[in-house]
Each structure stands twice: as C-alpha cells, then as structure tokens.
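These protein sequence lines are chains D and F, in that order. Residue 29 in the working numbering sits at position 29 of the first sequence, with consecutive numbering throughout. Just remember that the working numbering sits 185 ahead of the position in the second sequence, which is counted from 1.
Just so you know, the hints here were simulated from the structure itself, not pulled from any lab data. Any given hint could be a false lead.
Here are the simulated BS3-like cross-link-like pairs (lysine-lysine), alpha carbons at most 30 angstroms apart as the crow flies [said to hold, decoys possible]:
#1 D/156 x D/48
#2 F/267 x D/48
#3 F/281 x F/328
#4 D/135 x F/247
#5 F/281 x F/267
#6 F/247 x D/48
#7 D/48 x F/281
#8 F/267 x F/247
#9 D/135 x D/48
#10 F/267 x D/135
So the chains spell out like this:
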Amino acid sequence: MSPLRRRLLFGVPLALVSAGGAAMYTLLERMRTDQYDPHAFPSPLLGKPVPAFSLPGAGGLPGFASTDLAAPPRPVLVNWFSSWCAVCPQEAPQLAALARQGVPVWGIDYEDTPAALAQFLSTNGTPYARIGDDKSGLTAINWGVYGVPETFMIDKTGIVRWHFAGALTDDLVTVQLQPLLERYA
Amino acid sequence: MRRWLFVLALLPSLALAQSTVTRDGVTLTQPQEAEAEQIGNQLRCLVCQGESLEESDATLAKQLRGIIRQQVVAGVAPAQIKAYMVQRYGIFILLKPPFSPLTWLLYAMPVLGLLAGALGVWATRRRPPRPQPLSDSEAARLKELL
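Build the full structure now, drawing on both the sequences and the hints.
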C-alpha cells in the first residue's frame with residue numbers, strides 16, 4: 001500500500017465524519033437558538049400581498065381589511081393569536097416592546113369568543129392597535145396560517161416580507177425582525 | 186319482462202351511487218366521498234405533520250377536509266383542489282413533493298448514491314500496476330540477503 005493510499009484511507013473517512021459532526025452541531029445550535037425549526041416551512045405569502053379579506057373588530061378595537069394593508073404608512077406586524085393558545089402569552093413582552101417602539105401591531109383573533117378574548121387581553125395586555133375577528137378560521141386558511149401564534153410583517157407597499165410560526169423571542173426580534181423593519185421603514 | 190329484470194339488477198349500483206354520506210359538514214355521494222378521500226390522502230396535515238389530512242383529528246384538518254368536499258361537490262377537478270391548497274400552504278402540503286428546482290436533489294439522491302458507490306467500487310477494484318521484474322543487480326542482492 002502506497003503512503004498516499006494509506007493517508008487517503010485514513011483521511012477521507014475522518015474528513016467525512018468531521019464534516020458531518022460539524023453540520024449536525026450547527027443544526028442543533030440553530031434549533032436551540034430558534035433560528036431553525038424542522039417543522040417550519042416558508043409561507044407562500046412571502047413576497048406577495050395578503051389575500052383579500054375583511055374582518056370585523058374585536059375586544060373593543062377596530063377590525064381591518066386587506067385594503068388597510070395595501071399601502072400602510074409604515075411596516076405593519078400582523079399577529080395571529082387566540083385566547084385558547086397556550087404559547088401566545090409568551091410573546092406578549094416582545095409584542096408590547098415592538099408596539100412601544102412605534103411598530104403598528106395588528107392582531108387577528110383566531111376562532112375565539114368575545115368573553116375569552118376580553119379575559120386574555122386583561123391578563124396579557126393589549127399591544128394591538130386593531131384586532132380582526134376571524135371567528136370561522138377561514139381567513140386563516142386563505143393566509144396559509146396553520147396554528148397560533150403566527151406573525152407576518154407587511155411592508156409599505158403591502159408586500160409580506162417576513163413570517164414566523166410560533167411565539168416571538170428576543171433573539172428572533174433582534175436577529176431577524178428589527179433589520180427588516182429598518183430596511184422597509 | 187326481461188327489460189324490467191335488467192333495471193332491477195341495476196338498482197343496487199344505482200342506489201350505491203345515489204346514497205349519500207355526511208362528512209366534515211358536507212353531504213356528498215359515495216363516489217364523491219371516495220374522490221375527496223383520495224385527494225385528502227395526498228395532502229399533509231400541517232398541525233401534526235406526519236399524518237395526512239384524512240387521518241388527522243386536528244381542527245384545521247377537519248376544516249380543510251370540509252373545503253375539499255365542498256369543492257368536489259361543486260365539480261372542481263382534483264388537480265385544482267390540490268392547487269388551491271398549494272397556493273395557501275406551499276408544496277409542503279403535498280405528501281409527495283413535485284419535481285422542482287427546490288426538490289431535484291431529493292429525487293437525484295438515489296442516482297447520485299449509486300454513482301458514488303460505483304466510483305468507490307471502481308477505485309478499490311482497480312489493479313495496482315504490475316511490479317517491474319527485478320534487474321540483475323537486484324536479483325543478485327536478493328540472493329545475497331537470503
């Protein structure tokens with residue numbers, strides 16, 4: 001066996017195993033910091049305007065329609081939530097901080113009742129400037145929403161620029177959302 | 186008489202085609218239900234991602250099954266019903282992903298694996314070059330050593 005051959009027989013498998021280990025480590029690290037979710041899939045709405053809809057208000061706030069999102073004066077966050085959603089309260093601080101920062105946060109209450117919504121808002125606070133009531137859940141299907149919470153960012157030309165399925169975290173807001181909010185401001 | 190017997194013989198199949206079922210809030214005939222099930226079996230439940238829409242107990246799956254059935258009753262073609270779902274949820278909703286720039290590697294994997302294996306076999310099976318016969322001086326030295 002030539003020395004080159006011997007070196008290759010040792011080196012190639014070692015390099016492959018090392019590369020695999022490094023890839024697996026990166027994957028797990030990204031999953032740990034909420035930058036990668038194996039269950040997530042890109043929303044087909046990205047790069048497109050939202051589908052036509054019109055939802056009545058809820059929780060004492062005005063509702064909204066697709067026409068209100070066609071050319072908003074600044075980027076809008078549309079946050080799908082529900083009073084029965086267990087993880088929704090987790091993102092209340094992040095939504096409140098964004099609202100304080102001046103970002104319009106509009107909620108869509110998914111398959112909920114007025115009484116439960118009122119209870120939810122009094123417990124977790126109201127970051128929302130408007131709340132649309134999607135009682136039937138049919139608007140959610142047209143948006144491709146498959147659970148709550150889900151958050152979309154819509155720019156000033158009415159195009160969806162960002163989507164996340166799950167509760168917002170500080171990491172997510174700083175790493176992904178804030179740069180986009182600045183870029184499309 | 187014969188004609189009546191013929192009609193009588195056809196009645197059960199006629200009844201089968203006309204008998205209706207109600208599923209997920211939609212009433213439809215047996216063949217329509219079979220068509221709807223076939224479509225639902227090809228679509229993924231996005232809430233519990235290992236299951237198809239037909240198998241899932243999730244509320245969203247129930248709603249989507251209802252939509253499929255409404256469209257089947259309205260005479261919408263299966264391909265169009267699937268396109269309706271893909272437009273909203275992306276190709277991820279299809280249990281069998283279509284061949285596209287995003288998925289070509291997935292489909293090419295078996296061929297690439299086979300090629301890599303063949304390359305490996307070829308590389309290891311290749312005969313090493315025959316050694317040169319010993320020169321006279323080398324033969325003499327060998328003899329001396331032995």
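Satisfaction of hint between residue 48 of chain D and residue 267 of chain F, Cα-Cα up to 30 angstroms: holds, 20 angstroms
Pair hint outcome, residue 156 of chain D versus residue 48 of chain D [Cα-Cα no greater than 30 angstroms]: holds, 12 angstroms
Hint consistency between residue 247 of chain F and residue 48 of chain D [alpha-carbon to alpha-carbon, up to 30 angstroms]: holds, 27 angstroms
Pair hint outcome, residue 135 of chain D versus residue 247 of chain F [Cα-Cα no greater than 30 angstroms]: Given that 30 angstroms is the threshold and the Cα spacing comes to 16 angstroms, the pair holds.
Residue 267 of chain F paired with residue 247 of chain F [C-alpha distance capped at 30 angstroms]: holds, 16 angstroms
Pairwise hint evaluation, residue 328 of chain F against residue 281 of chain F, where the allowed Cα distance is 30 angstroms at most: violated, 71 angstroms
Pairwise hint evaluation, residue 135 of chain D against residue 267 of chain F, where the allowed Cα distance is 30 angstroms at most: OK: residue 267 of chain F and residue 135 of chain D at ~25 angstroms, within 30 angstroms.
Pair hint outcome, residue 281 of chain F versus residue 267 of chain F [Cα-Cα no greater than 30 angstroms]: Distance of about 12 angstroms is within 30 angstroms: holds.
Given pair status - residue 48 of chain D, residue 135 of chain D, alpha carbons within 30 angstroms: holds, 24 angstroms
30 angstroms Cα cutoff - pair residue 48 of chain D, residue 281 of chain F: holds, 25 angstroms
Figure legend: structure checked against the earlier numbered hints; the only hint not met is number 3.
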